[in-house]
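> Starting from the given sequences, assemble the full structure and let the hints guide the process.
Chains as they are written, first to last, in the numbering used here: chain X, 1345 to 1638; chain L, 34 to 552; chain Y, 154 to 491.
No lab work stands behind these hints, which were simulated from the structure alone.
Virtual Cβ for every residue (Gly too), placed ideally from N, Cα, C.
It cannot be assumed that every hint is accurate.
Claimed, not checked - Which residues of chain X face chain Y? A partial, calculated answer using Cβ under 8 Å:
hint	residue
1	A1491
2	A1572
3	I1613
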Amino acid sequence: MNYSPASALARVFSSFTSMGKKYGVEWWILVAGAAIVLGIVFMAAFPDIFTPFNPYDQAAGPQLAPPGGAHLMGTDNLRRDVWARIVFGSQTILRVSVLAAIISSMIGISMGLLSGFSGGILDRILSLIMDSVYVFPGLILAIAFAAMFGPGVINITLAVSVIYIPTYFRLVRGQTLSIKQELYVEAARAIGASSTTILWEYIFPNVIATTVVVFTLNVADAIMIEAALTYLGLGLPPSVVDWGMDLAMGKKFLPSGQWWLITFPGLMISLLALGFTMLGEGLAEILNPRLLER
Amino acid sequence: MKSIKLFVFSMVLACLTILPTQGFAAEQALVYGTTEKVIDMDPANAYDFHTWEIFYNIYQGLLRYPPGETNLVPGLAESYEISADGKEYTFTLRQGLKFTDGSHFDATAVKWSIDRVMALKGDPSWLVTDFVDHVDVVDTYKVKFILKNPVAYFPSLAASPPYYPVNPNIYPKDKIVRDPTELKGGKLVGLGPYKVVSFKRDQEIVMDANPGFYGEKAKNDRVVIRYFADATTMRLALEKGEIDIAFKSLNPSDIKDLQKSDKVQTITAQGPYIRYLCFCCANEPFDNKVLRQAVAAAINRPPLLEKVFLGQNAPLYSMVPMGMWSHIDAFKDAYGDGNMDKVKELLKSQGYSESNKLEFELWYTPSHYGDTEVDLAAVLQQQLNATGVIKADVKSAEWATYRDNWSNKVMSAFLLGWYPDYIDPDNYTAAFGGTAGSAGLGIYFSDAAWDKKFNEGQTETDMKKRTAIYHEIQNNWADEVPTAPIFQGTLYVFAQKNIKGILLSPTLQFNYGPIERVK
Amino acid sequence: MRHLAKYIITRILLTIPMVLILLSIVFLVLRIMPGDPVSSMLGGHAPEKVIEQKKQELGLNEPMAVQYVSYLWQVAHLDLGESMVFKQRVTTAIADKLPATIELTACGMIITLILGVFLGAYAADRRRQVQDSMIRLYGIVIYCIPVYWLGLMLQLIFGIWLDVLPIAGRTGPRVFASTFEQTGFYLIDTLLIRDFAAMKDVMIHLTLPAFTLGLTLSGIFIRLTRANMLDVLKSDYIVAAEARGIRHRRIVYRHALKNAFIPILTMMGLQVALLMAGAILTETTFSWPGMGRLLLERIYLRDYPTIQGVIIVFALIVAGVSLVVDIIYAMIDPRIRY
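In structure tokens form, the structure reads like this:
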């Protein structure tokens, strides 16, 4: 057998294309999304590869220099390099949105399992609360929380995570309810399996597949909310490098022609959100076709 | 059927696009754009410069500053006399003046208004209650103010809006008025060169020239103040010729572009508005004056202004602003700018070094002073840290929390700004350095000798002696450094090229009367 | 009919706990915050005594439970209290700004519908072809573009570079709203006084913000319409129409769309929440004097009663719309009955 890197690459490539043929356009959407996400994550993890400048350095270059030369995306009014701020800003946004999604999912899934499984009054009350929060515009709730908690990475993460708990709750509860009725669960109960066993070994694994998809879409949404909050001036102190804040600060320079201050941060937010969305949508179609076509 | 509907729809659309966009014969009016906001239309509670500016034009004081000047001349009062002990001021009022609703103006109105201000205890009421004991009506047109102590600058106090007489028939005695709709008759009624025709908060105020005004008639018939929510829109409106004047507050980048533009004219004046760094002198580390001196020495004003304001505004080396009599560049003489050697020397003498840095939190408030504050703090931090012996962390709090924080001594170093209440060095010094004022602003500096000096400055009437007193105060300031001045604001008014008569005075009093549009 | 009436009543009754929960969340959230609002509101010169007195006045010294009950009582009477920072009733402040937001949201919704529905129908028609993929891609991409960034870019292009549209406010600097304002809905107000020049000005100012809002949410409607259309296009009567030889375009855009439209209409109600969230961001970008801007302004000023009031109004609107939508859906779809 031939194990050279070239042939390995060739095999990866051919498996890609065969998947593509099998699933069609959704596969390529997934691949594109994954590529974007991985690219940006890589940039966040190894920023020094991407830029020699420090995002806080107020003497990186001339003031308000347009893109070009040493400054790929220009400089801002405090003479900081914009590309450096983009690279380091990715850390902030990824950190907040992924962490928020993790917190949401952990709380939402466990509550959904509990509620769906126990039923009764607890289920009713929890469902009512969750439904009310679910219907409410997430951004407004996030704004309220962020304004009250004050600026800080932990605060904004918490503010963002609260909004998505109902999403996981509803999904998992619904699934739990239907799986609970399945024959094999009844059978397990008949054998004498404990509730914890049933929850953990029968219900949970079945629920996981769908939550993965929701998780990626959740991250995409969390990215949008995080950027919106910081754009509004809530959630993070200005000493943290963040795309949303750079957008807000660059807004003033719009009529003066310094377009690069807002074009690039906005582009990156869109790109990152798009990456996760495409990943999620692609996964959804492949794992369970027509799942999301409500 | 469908095609008829389409036809009608497109005709309507076509008609609408053809019609011109001028509604409400607005071409003649002078439109003055601003991003400021009106809070309360009540001299008893208004304490912001924009509302005061409106009052200068729709109301009048007993004394006033002519447009663009800093010397007081008679206003509603023709003359005044001071008693020998300096505690009684008797004003002789002009006769035959009427409010815009026809009611007569006399000494009773003056007393009524002052009593109202004292009773309502609004934000600026201290400008009256700290100085005035009570007011007596001597005659229909003679009113006497009895002061608690002699005050050298009382006349300039009397020219400020809290002292403005209001119409007793219109204003409620027992509550503060926010909107004109709360007044009897629903309209603002005054004695000034303009009267308010329509008012919509945060949108516009339409004012027409008042034919019954006792002074020079306004050169224009109608002035409209148009409120903009953000500077960018205002700048664009000015460039497109949609508004005639734009004043307060444009972004530094807008100011820079407009200054270069040949479509608009720029009028600048040195503003009386100062920005400075405060220290909490009650707690560590800044209870130690050497450390305060060190931080003051580290501030490098010119590059800071270059970065944050694109070079606008002026470096300030004393709490008393430039243009005010008695100003000296005390801090420049003592420290200069970005004096790294001095910083290191001072800090090392207190035991700090590169391995043992002076650490503290530098606070600012993100929106109260405009959105350049973020940048100001960032640049200042960088300057302080660049010394190598300081480690400053930047923190922020919204205005409400900020005020809480300074009362609770939470902030060791914080940025503050000051617009004067009255034009006198006392307002720039005692307010921060006197025991009472200092505590009120979270600085907590207290020195009995200083208090004595401030008192001397307040009561002394000889100008030469007062100047000497304030020189001494400023030099002491550079030594003790309860606060370190950073810059003084420059006022920028932009207008279309065909607008004449914009007179901006350092008192920030902007009169609309002299403005006219020439062909 | 009796079934329907019973459903409506049940549904209304169910709305009450939802509203209560939302109100409670708002109440709780607003009391976790740091910073004492009263002392800062009264200014640096206020002595302790006055601060205490004001706190007493505002009922901030009462135990939480008491505050909660009186809060609910007030809201039930449609009294949202008085602003802590200005001498203004919260309901007045909100009533002043609400029409602006509604006008913006309504226009945004119209654009979203038009764009979303037609592009969705077209995509369904061209299923699995290039156009379908392109439109679906557009749907995903447009959703990921932050509405405020889209707004800024449109401002840059149309307001600054091309200079054909205004970038902020509801009226131009020389159009004085105080002269025609009655309902607060400027399109109606200008129509009422027949000032068509002002109406044109108002419409021009609505263009960019409404488009920005409408574009961002069009993606969702594309997907919705497409899915519904795909179902409808498979039904028998469509096949029959084709067999009868009716023109294809007529079938798709007249018959099929009409039937796919009803669920879309009800979906509209659920999107109101998203629209309002988007409206807040659009308002800040375009300096639109609506509820969103009011909320943010008062957040900076720590004006708790107004912040609370605005969120309550948003919550009530959401609850109200979802109630109406459910009822309409029940009326239309006989399968749904409680």
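> For every hint, state whether the structure bears it out.
Consistency of the hints with the structure:
1. A1491: holds (4 Å)
2. A1572: holds (6 Å)
3. I1613: Status holds, d = 6 Å.
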